[in-house]
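Colleague: Okay, here's what each chain looks like letter by letter:
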Amino acid sequence: MTLRRTTLHATHEAAGARMVDFAGWSMPVHYGSQIDEHHAVRRQAGMFDVSHMTVVDVDGPGARDYLRHLLANDVDKLKAAGRALYSCMLNPEGGVLDDLITYRRADGYRVVVNAATRDKDLAWMRDVAARLSGTLAPVEIRERDDLDMIAVQGPAARDLCLPLLPESLRAPAEALTPFTATEDGDWFVARTGYTGEDGFEVILPATATLSFWQALAAAGVRPIGLGARDTLRLEAGMNLYGTDMDEQISPLESGLGWTVAWTPADRDFIGRQALERQQADGAHRRLVGLVLEGRGVLRGHMSVSAGEAGQGETTSGSFSPTLGVSIALARIPADAGERVTVDIRGKLVPAKVVKPPFVRHGKALIDL
Amino acid sequence: MSNIPAELRYAPSHEWVRKEADGTLTIGISDHAQELLGDLVFVETPEVGAHLDAGGACAVVESVKAASDVYAPVAGEVVAVNEQLADSPELVNGDAYGDGWIFRIKPTDAVAVEALMDADAYAAHLEAEG
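Those protein sequences? They're chains A and B, same order as listed.
Heads up: the first sequence at position 25 corresponds to 25 in my numbering, and the numbers run straight through without jumps.
Heads up: the second sequence at position 70 corresponds to 70 in my numbering, and the numbers run straight through without jumps.
No lab work stands behind these hints: they were computed from the structure.
Every residue, glycine too, gets a C-beta built ideally from N, C-alpha and C.
Hints should not be assumed to be uniformly reliable.
[Said to hold, decoys possible] To list a few chain B residues with every Cβ distance to chain A over 12 Å, as calculated:
#1 A21
#2 K65
#3 A80
[Stated by the list, open to error] Facing chain B, a subset of chain A residues (Cβ under 10 Å, in silico):
#4 D36
#5 R295
#6 G296
#7 V297
#8 S326
#9 I344
The shape of chain B in the complex, shown without the other chains (with noise of 0.2 Å):
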């Protein structure tokens, strides 16, 4: 059974978000992607400044075997990327909610996160995709 955090917020698409003490949110893929991508090979981060629109492709995540997109889960403003996936895209098998983070936005919409779901509805969600 994957890892799913309580305190996070979950995207459809498999991205999860962390909300920052300053009101940024840390935006990651979840334990069950990065499982089901097998290993990462690279990460295509996207660039700091960049305006993402919320369900726009964002950032590139590939495996050994296939190319995946990464999908901004809500709208705002790239503050941040990490840097460290450039040589080491591995971070992310091995701590997706940690030090596999990918980017930091400031969001447009300081409650859109809101929206999301939330741990439990996470969990219900990959039962339902099987």
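Only chain A is shown next, with the shape it has when bound in the complex (with noise of 0.2 Å):
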């Protein structure tokens, strides 16, 4: 199978970046050292090629109560067009089928999907809009492949990026808190990101990538792989879809129940009945973060050994070059105490249980 390219790609191999095949694109893994990379972020500005994931505009009259029935979290918390709202898009089993942000706009919404999971979310996107089509105004979901995205993260990220943005934009960005977002023609820019920094995600025409990459190297942030991107995103706690989540498991064993607006109590979202069964039950198990004590580096999938509270798993791990040592995210029995072993190939290595996030804006928020 070929591989896609995103518009920069070659711009990538000709600054010697490592390519890898990430969900059948060819991406940037690091462009020369991973950790040199994480730190830029935390301690400067880093630019990522995230064209990769898609944007999917949803509109329509029927695009409001559509998007209440979709997605676990309730876009009528979106009380003004430039907000931003985190959410989960679950099966009729409660499990996850992706984790989205979806922005309000002056007429509609844009939502924007992970890449791995591109052509299952828009089938499970467009059948649902086909089986509400009787009782639902209309609604037009349109894949926006005529778009690029570039996020640029770190505490220099938004005034190094300011000045690059079109000049309509710059005083509008300058002004957004986090989670808003403004935009202007095929230019739209929010302060959301991936990393636990403060920054700005770029939706911009592929017709000007290339040259919106260039100045912001030319002002000095730095390409940053998505080995660093994996990195900085289990420091800042957040889950990777497929490895600390996936359809066969809820966002309530995921830190993601902030995430599940329960109220109103009479808004039908597909998945709720299953979630209000598991919360009745009760005994599910959490996402935990873990540092290790010992000696050696947590990965994912490795087994958890809570004692008396019984097994679990960690979901992902690394060493955080931030911390110094390793770190994971974990989903273990609710019940669980402080401590926990991990069998790293064979050895119990202790782990204390922490609450994610790790480090947030440059940080540590852990003891060590």
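Take the two lone chains and join them into the complex the hints point to.
Modeller: Here is the structure:
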């Protein structure tokens, strides 16, 4: 199978990137040193080509009611255009089909979904729309393959990025509060991200991508690969779909109970009944943070023992460049204590249970 | 192109071996291997005194991304390990053939090392692996 390429593919190769297959896309994993890239984002500013992610516009008079049925969080929380909402999209069993961000726009909504789940998500979204077509006003679901996406993240990211935006967007982008967005034409700027640092995610026409990327580089913003993106999001305690959660796991067992809007009680969203049953049963597992106390490196899907409370597993793990220790997300029994052991290739190594995030805005949030 | 010093011997699993004057062998991973792994964050060395079988997994190098076994290129007894790697695993990235050495053995068979690849053969091996 031929790998898909983003607009910046040749630019990444010219910059010395090691390219890997990520969900069918040829993407940069690092440009030399993953750890240096990680630190650059925590200390200054880095940019990520995330054009493999899928931008989907949901428009039409039925869009609001459609999304209130489709998503576990409630788009009615988006009181004004420009607000953003993180949500899970569930199957009827309450399992997570994907996690996504929905932005409210002047007339409609924009949803950004994961690259790895693109086809599944679009098929599901169209299927749900078709099923509701008799009862709902029309909904238009449109994939925006004409748009690219660049995330600029780090303490200096906004200052370096603002002067490079189209003139008309500079003042509105500067005024953005966290988790809001502004747009003009095909340029869309959101103060969101996946690193635990301040910054923007910029959705822009593919024709403008190369010059914007080059201008950011000239301003001192470093290109960052998917490797550092993963350690940054792990430190920030953000889930990665496909490893920390999937279709078999509910948001309640993924540290995402806060994203489920239970009120109003009469909002009938897909998966609601299953989640209510799980909530009533009470005994579900929880997703926690682990800090390794012995030697080694935690990885995803290692077995975790919580003594009499039972067994669990790490869902993703790595070395934390900011903390200098190994950390993980793990799904363990709800009544597990503060001490667990992890089976690292046959050796039982002690780890401490903590509440993610581990790092936010460059600072450790946990005691080592 | 990765660095392949001419005076060393190499195993197909990307370990290098240096013959020391006292008959011991110093072992590490090649420049090519460290580059593939990326930034190392943890190295588990063998125990001094342990007996290693040729081809047996005896150490682990872990990068931010993945863990990888290191194999004993020839049989022998571990006589030293690089203690500095406990605090500075990045030495393997910075100086794979020098400060980034991993362990030293007294070989069971002094001539076994001659069966390993020389630099030209290892270069060809890398070429073939593509």
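Colleague: Against this structure, judge whether each hint is valid.
Modeller: Against the structure, the hints come out as follows:
The Cβ of A21 (chain B) sits about 33 Å from the closest Cβ of chain A, beyond the 12 Å cut-off, so the non-interface label holds. With 12 Å as the threshold on Cβ separation, the claim that K65 (chain B) sits away from chain A is violated: the shortest Cβ distance comes to roughly 6 Å. The Cβ of A80 (chain B) sits about 19 Å from the closest Cβ of chain A, beyond the 12 Å cut-off, so the non-interface label holds. The beta carbon of D36 (chain A) is positioned within 10 Å of a beta carbon in chain B (closest approach about 8 Å), and the interface hint is therefore held.
A hinted interface residue such as R295 (chain A) counts as satisfied when its beta carbon comes closer than 10 Å to some beta carbon of chain B; here the least separation is about 7 Å, so the hint holds. Nearest Cβ of chain B to the Cβ of G296 (chain A): about 6 Å, under the 10 Å cut. The hint holds. About 5 Å separates the beta-carbon of V297 (chain A) from the nearest beta-carbon of chain B, less than 10 Å, and the hint is met. For the restraint placing S326 (chain A) at the interface with chain B, the shortest Cβ-Cβ distance is roughly 8 Å, inside the 10 Å limit, so the hint holds.
The restraint placing I344 (chain A) at the interface with chain B holds, with a minimum CB-CB distance near 9 Å, inside the 10 Å limit.
Hint compliance for this structure: hint 2 is the single one not met.
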